[in-house]
Amino acid sequence: MKLSKLAIDLGLEHLGGDISISAVAPVQEAGVEHLSFVTAKKYLSKIENIGALIVPPDLANEAVIESKPRLLSTVPSLDVARAAKLLGQEYLTFSGIHPKACVDQTATIGDGVAIGPGAVIGAGVVVGDNTVIQPGVVIYDRCEIGARCIIKANAVIGGEGFGYELDNCRLESITHFGIVRIADDVHIGSGTAIDRARFGATVVGSGTRIDNMVHIAHNVQIGRSCIIVAQVGISGSCIIEDGVVMAGQVGCVPHITIGAGARIGASTGVISDVPAGITWTGWFGQPHRKAMADVVAVRKLPDFMKKVQAFMKKFEE
Amino acid sequence: MKLSKLAIDLGLEHLGGDISISAVAPVQEAGVEHLSFVTAKKYLSKIENIGALIVPPDLANEAVIESKPRLLSTVPSLDVARAAKLLGQEYLTFSGIHPKACVDQTATIGDGVAIGPGAVIGAGVVVGDNTVIQPGVVIYDRCEIGARCIIKANAVIGGEGFGYELDNCRLESITHFGIVRIADDVHIGSGTAIDRARFGATVVGSGTRIDNMVHIAHNVQIGRSCIIVAQVGISGSCIIEDGVVMAGQVGCVPHITIGAGARIGASTGVISDVPAGITWTGWFGQPHRKAMADVVAVRKLPDFMKKVQAFMKKFEE
Amino acid sequence: MKLSKLAIDLGLEHLGGDISISAVAPVQEAGVEHLSFVTAKKYLSKIENIGALIVPPDLANEAVIESKPRLLSTVPSLDVARAAKLLGQEYLTFSGIHPKACVDQTATIGDGVAIGPGAVIGAGVVVGDNTVIQPGVVIYDRCEIGARCIIKANAVIGGEGFGYELDNCRLESITHFGIVRIADDVHIGSGTAIDRARFGATVVGSGTRIDNMVHIAHNVQIGRSCIIVAQVGISGSCIIEDGVVMAGQVGCVPHITIGAGARIGASTGVISDVPAGITWTGWFGQPHRKAMADVVAVRKLPDFMKKVQAFMKKFEE
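If you're matching them up, the sequences are chains A, B and C in order.
Reminder that position 55 of the first sequence reads as 1143 in the numbering used here, one-by-one numbering, no gaps.
Reminder that position 230 of the second sequence reads as 1318 in the numbering used here, one-by-one numbering, no gaps.
Reminder that position 112 of the third sequence reads as 1200 in the numbering used here, one-by-one numbering, no gaps.
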């Protein structure tokens, strides 16, 4: 594709000559037919053999760059990704429904949807336009998936929630009649499982990004633009408001609410509601500053105890 | 199905008229052709448009209910689930062996077993009657699965245990000749992995319920009617006795025993045997009451240290 | 197979008579046509009905053994495993590319590779000789897998890394152009996910063993002969040097280095670089001895506080 065509499609200003671009490549690997990007002066020494560059406006007129065909962008790392897409640089590309997928005939599949081999789509499922469902993904009956979602390999959407009642000393399963409803532009990681609701829906809001091996239990409500890192576990009926960030391996007990924009540190055990906007950490979660003060105090504790015991002994003598 | 037929099949007392029921639905969504259930007076205001109800005996003669066709049950949430099953409300329903499953011809598959697309059943595997093996489940050679089990999507039963010996500075795998033996009425969550034993069997007792993404290592012995919540990890050769409850993200070091009926709090690290019947918590697990006392003390520690230091300074002057 | 043939193939000394061996079996289950092994005197009472044994040299002339056909080995548990392989005792055995696998025609598949049903191999993937790819494994485009690797059921190799940038208040995905490069003799557990690099490669060194449900983020560099136990999570760009052992459920924040031969205790939160050779533990990781001293001190803290408060009260009166 011509660089000039890419410039138009990306809506970026084009300086220097026009060349044919075969692919996007990192600075370290790029050659004369590649488009790459640079965001800091220190990388300018490495661009000699690169065909074209995406650069921020403040680098656009550096001497070494002036000889290059180049596009100006305020977000080079994103525009390079968009360029890659336009150039067809995709992974595990497939289009339409793969013959080794298994899609129920009552499912409603949007335009431009790609469903990989081994994926299973249940009865009455709705999948929005341009969503990608990767290999081995299982989506249970009646779940709703928005547009432009990416559901990565071996994720499971809509499995039965984990709930039991004792009946005559036997554990009886509580049937979960509900579904999972995924809004637009959601990404869901490999091996992640989102259970369906007892009634109604387990919900993931638009633009939210979920990493690998995250467990989301029945009836959880997750807001928009949240970031949920790998191996997080969210128990039943939790409410995660918009813009929450949960670092890796966080666990939440059932029925708690995490306020909008809160940030939960890695491996935190969330055992109570979390106020909006706060940073929260600790094995037994609390405000970050307090949790760190406790950690520091505990590390001093063995020495402190010795000192105090010596003091008390002296004064009691 | 007629409500009167459901009453007979469920063994419940039937009051009021008889109507045709198309499906079970939650109170919020139920209409004239639905069966729903109510367990508390506060929900009675919402039942006006609902065809029929399952109610506990103490609500059966409330004024607003007396106009409704109704079934009496001491466990409405369970009987509504049983009704749903009778009405054919299932998820990812399939019967028999799906043509996209892969079942070894030497496996023994019971009556009424359903095996989903993409499932793989190895040589010599035995699957009991009416067990459901969902899509993408892999069961290795010679494993034994009981009757009425549910193994959810992408679970892996009988993979090789994780064990190595050093031989001339190289890690050599220890071959695991054993199997996994799952008793009757066991549920196993999505993405859960249960490794086969070195010799003999890794065992899960009857009626035990295992949530998503649980790791159960080689030679673990799990008793009957245990509840093991998502993302728990149980190391090799642990013994989990009957009726143990393990909350989410618990981890157990190898070779420990958790006594019957013990309850392990979320994210607890179990690093020693746990007595029967006790509640056990803590990053470094101990009895719950003691663990909570420690947490409270640590939260007071920074202030306490300041106070004691001021005191000591004053008295040393 | 004749025991004498096994002795030659395994390079072991053969004492006693020659018999035909049908299979390897544990002492508890072995019969006259089996080969088993014993490593301690206490098991000698159980060998009466066993056809042949592998024993360490110091047991070779015990009275009860002298009547048995036997092979001498300094590592009986490994040689019994090797014997099992020679006898064809494998699990989920398949050879070549299973017709229910999905291998891109541009992938390069080595000699003796076995790819199970439901596995998906992307464009340009390279798989080394004698590697086993089990059912449901997904390997994304251009990833490189070494020789003699075992990738267990439902693992995902080369999924897109988890990285986002804010663009006009929307989360935009950062495209990951890189790959995953797995060296020779690596084992990867069921459900484990290894994400591809932003540029270049996420790397796993030769001989490293990774257990089930481990999350390895983009650009992580893992050395040779590491042992990474189940449910560990390693964040982006971490460096794990040769011979590191990480116990179950360990978590690492991004961009840290764990030095060669370090041992990380179960559930440790690694939030800083770890020196080579050290043992490291704690919710907030630190040297093991210090972490344990802190645990002991905290357990004494509630009583200590009471004592000190009583002391201060007495002296202030």
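Check the hints yourself; a few may be wrong.
[What the hints assert, rightly or not] Dumping the calculated DSSO-like pairs for lysine-lysine here, alpha-carbon to alpha-carbon at most 27 Å: (1) Lys1388/C / Lys1395/A; (2) Lys1394/A / Lys1378/A; (3) Lys1402/B / Lys1401/C; (4) Lys1395/C / Lys1388/B; (5) Lys1401/B / Lys1388/B.
Just so you know, these hints were derived from the structure itself, not from any lab.
Evaluated hints:
1. Restraint check for lysine 1388/C and lysine 1395/A: the C-alpha separation of about 15 Å stays at or below 27 Å, so the hint holds.
2. Restraint check: the Cα-Cα separation between lysine 1394/A and lysine 1378/A comes to about 24 Å, which is no more than 27 Å; the hinted pair holds.
3. Taken as a hint, the lysine 1402/B and lysine 1401/C pair is honoured in the structure, with Cα atoms around 14 Å apart against an allowance of 27 Å.
4. Pair hint lysine 1395/C plus lysine 1388/B holds up; C-alpha atoms about 15 Å apart against a cutoff of 27 Å.
5. For the hint pairing lysine 1401/B with lysine 1388/B, the CA-to-CA distance comes to about 20 Å; that is within 27 Å, so the pair holds.
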